[in-house]
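J.: Take these sequences, add in the hints, and give me the full structure.
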Amino acid sequence: MFPRPSMKLLRKLSEKAVEITGCGLAGGLSLNFVGEKEMAAVNEAFVGHSGPTDVICFDYRESKSVLPDDNDGDTVEVEIVICPAVARREAQKRALPYAREVALYLAHGLLHAAGEDDLQPELKRKMRRREKKTMNELEKLFSFEDIFPEPVLTGDNTR
Numbered sequence: 005m006f007p008r009p010s011m012k013l014l015r016k017l018s019e020k021a022v023e024i025t026g027c028g029l030a031g032g033l034s035l036n037f038v039g040e041k042e043m044a045a046v047n048e049a050f051v052g053h054s055g056p057t058d059v060i061c062f063d064y065r066e067s068k069s070v071l072p073d074d075n076d077g078d079t080v081e082v083e084i085v086i087c088p089a090v091a092r093r094e095a096q097k098r099a100l101p102y103a104r105e106v107a108l109y110l111a112h113g114l115l116h117a118a119g120e121d122d123l124q125p126e127l128k129r130k131m132r133r134r135e136k137k138t139m140n141e142l143e144k145l146f147s148f149e150d151i152f153p154e155p156v157l158t159g160d161n162t163r
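Here our numbering = 1-based position in the sequence shown + 4.
Warning: the hint list may mix true and false statements.
As the list claims (entries may be wrong) - Using 20 Å as the maximum straight-line C-alpha spacing, the simulated EDC-like pairs for lysine to aspartate or glutamate come out as follows: (1) Lys-97 - Glu-83; (2) Lys-20 - Asp-150; (3) Lys-136 - Glu-23; (4) Lys-130 - Glu-23; (5) Lys-130 - Glu-141; (6) Lys-16 - Glu-83; (7) Lys-97 - Glu-149; (8) Lys-137 - Glu-120; (9) Lys-20 - Glu-48; (10) Lys-130 - Glu-120; (11) Lys-16 - Glu-135; (12) Lys-20 - Glu-83; (13) Lys-41 - Glu-94; (14) Lys-12 - Glu-149; (15) Lys-97 - Glu-135; (16) Lys-137 - Asp-122; (17) Lys-128 - Glu-94; (18) Lys-16 - Asp-150; (19) Lys-144 - Glu-19; (20) Lys-12 - Glu-83; (21) Lys-12 - Glu-154; (22) Lys-20 - Glu-135; (23) Lys-97 - Glu-154; (24) Lys-144 - Glu-23; (25) Lys-128 - Asp-63; (26) Lys-20 - Glu-149; (27) Lys-97 - Glu-40; (28) Lys-12 - Asp-150; (29) Lys-136 - Glu-94; (30) Lys-137 - Glu-23; (31) Lys-12 - Glu-143; (32) Lys-136 - Asp-122; (33) Lys-16 - Glu-141; (34) Lys-20 - Glu-143; (35) Lys-20 - Glu-141; (36) Lys-137 - Glu-19; (37) Lys-16 - Glu-143; (38) Lys-136 - Glu-19.
If you're looking for bench data, these hints aren't it; they were derived computationally from the structure.
Note that the structure is a prediction, hence the values are computed from the model and not measured.
T.: Structure follows, in structure tokens:
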């Protein structure tokens, strides 16, 4: 089972990550942590890829029909969907802490919201450099383990 993140610390981490990435959020950021089945469904429906993925970012600022003209700051401008099960698996593969991997997915999503693209090799290298810089700055300010507790290993950790 994946424990709920510390909401107070997650809010602070998110605010600082928004600032560092320069993604220009004036309104709301929605973070959704979903299981592999739900992530696979989102990935298929919106990206056209099969299976679960690590993180997907939806930037609603690009669609004028979604955001009202009188944005009061409560409107969700960017939604980031993260799959903790994929984070745990990827962290294990690379011998990295689970909490750092989840924080990386937040940074990655916000960099997409800042206009970064990782589909072409040169753009991907640029985005990876920005990810590294963002993570280095965030690691100076936060203990990711305090925000994202280690998953409790059970027979079924796909939730």
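J.: Now, for every hint given, state plainly whether the structure supports it.
T.: Hints, one by one, checked against the model:
A distance of roughly 27 Å separates the Cα atoms of Lys-97 and Glu-83; the hinted pair therefore is violated under the 20 Å criterion. For the proposed pair Lys-20 and Asp-150, the alpha carbon gap of about 16 Å is at most 20 Å, so the pair holds. For the suggested pair Lys-136 and Glu-23, the alpha carbons sit about 15 Å apart, so the restraint of at most 20 Å is met. About 18 Å separates the Cα atoms of Lys-130 and Glu-23, which keeps this hinted pair within 20 Å; it holds.
A distance of roughly 17 Å separates the Cα atoms of Lys-130 and Glu-141; the hinted pair therefore holds under the 20 Å criterion. Proposed proximity of Lys-16 and Glu-83 is supported: the alpha carbons are some 17 Å apart, at most 20 Å. A distance of roughly 18 Å separates the Cα atoms of Lys-97 and Glu-149; the hinted pair therefore holds under the 20 Å criterion. About 14 Å separates the Cα atoms of Lys-137 and Glu-120, which keeps this hinted pair within 20 Å; it holds.
Between the alpha carbons of Lys-20 and Glu-48 the distance comes to roughly 31 Å, so the proposed pair goes past 20 Å and is violated. For the hint linking Lys-130 to Glu-120, the alpha-carbon distance of about 8 Å falls within 20 Å, and the restraint holds. A threshold of 20 Å between alpha carbons decides the hint, and for Lys-16 with Glu-135 the separation of about 18 Å falls inside it, so the pair holds. Between Lys-20 and Glu-83, the direct Cα distance comes to roughly 16 Å. Compliance with the 20 Å bound is thereby established for this hinted pair.
Taken as a hint, the Lys-41 and Glu-94 pair is honoured in the structure, with Cα atoms around 17 Å apart against an allowance of 20 Å. Among the hinted pairs, Lys-12 with Glu-149 is consistent with the structure: their alpha-carbon atoms are about 14 Å apart, no more than 20 Å. Taking the CA atoms of Lys-97 and Glu-135, the gap is near 19 Å; set against the 20 Å cutoff, the hint holds. Our distance criterion of 20 Å between C-alpha atoms is met by Lys-137 and Asp-122, whose separation comes to about 16 Å.
Using a Cα cut-off of 20 Å, the hinted pair Lys-128 and Glu-94 holds, with the two alpha carbons roughly 18 Å apart. Distance hint between Lys-16 and Asp-150 is fulfilled; the C-alpha atoms sit about 12 Å from each other, no more than 20 Å. Pair hint Lys-144 plus Glu-19 holds up; C-alpha atoms about 15 Å apart against a cutoff of 20 Å. Using a Cα cut-off of 20 Å, the hinted pair Lys-12 and Glu-83 holds, with the two alpha carbons roughly 18 Å apart.
With a C-alpha separation of about 17 Å, the suggested pairing of Lys-12 with Glu-154 holds against the 20 Å cut-off. The straight-line distance between the Cα atoms of Lys-20 and Glu-135 is roughly 14 Å, inside the 20 Å bound, and the hint therefore holds. Restraint check: the Cα-Cα separation between Lys-97 and Glu-154 comes to about 16 Å, which is no more than 20 Å; the hinted pair holds. With a C-alpha separation of about 15 Å, the suggested pairing of Lys-144 with Glu-23 holds against the 20 Å cut-off.
In summary, the hint linking Lys-128 to Asp-63 is supported, as the alpha carbons are separated by about 19 Å, within the 20 Å threshold. With a C-alpha separation of about 17 Å, the suggested pairing of Lys-20 with Glu-149 holds against the 20 Å cut-off. Distance restraint check for Lys-97 and Glu-40: the Cα-Cα separation of roughly 17 Å lies within the 20 Å cut-off, and the hinted pair is therefore satisfied. The straight-line distance between the Cα atoms of Lys-12 and Asp-150 is roughly 11 Å, inside the 20 Å bound, and the hint therefore holds.
This hinted pair checks out: Lys-136 and Glu-94 have alpha carbons roughly 17 Å apart, not beyond 20 Å. In summary, the hint linking Lys-137 to Glu-23 is supported, as the alpha carbons are separated by about 13 Å, within the 20 Å threshold. Proximity of Lys-12 to Glu-143 is assessed by CA-CA distance (about 17 Å); at most 20 Å being required, the pair is judged to hold. At roughly 14 Å between alpha-carbon atoms, Lys-136 and Asp-122 fall within 20 Å of each other, so this suggested pair holds.
At most 20 Å may separate the alpha-carbon atoms for a hinted pair to count; Lys-16 and Glu-141 meet this at roughly 13 Å. Under the criterion of a C-alpha separation no larger than 20 Å, the hint pairing Lys-20 with Glu-143 is consistent with the structure, at around 11 Å. Only pairs whose Cα atoms come within 20 Å are accepted, and Lys-20 paired with Glu-141 is accepted, the gap being roughly 9 Å. Proximity of Lys-137 to Glu-19 is assessed by CA-CA distance (about 16 Å); at most 20 Å being required, the pair is judged to hold.
Only pairs whose Cα atoms come within 20 Å are accepted, and Lys-16 paired with Glu-143 is accepted, the gap being roughly 13 Å. Note on Lys-136 and Glu-19: the hinted pairing holds, with a Cα-Cα distance of about 18 Å set against a maximum of 20 Å.
Checked against the numbered hints given earlier, this structure breaks hints 1, 9; the rest are met.
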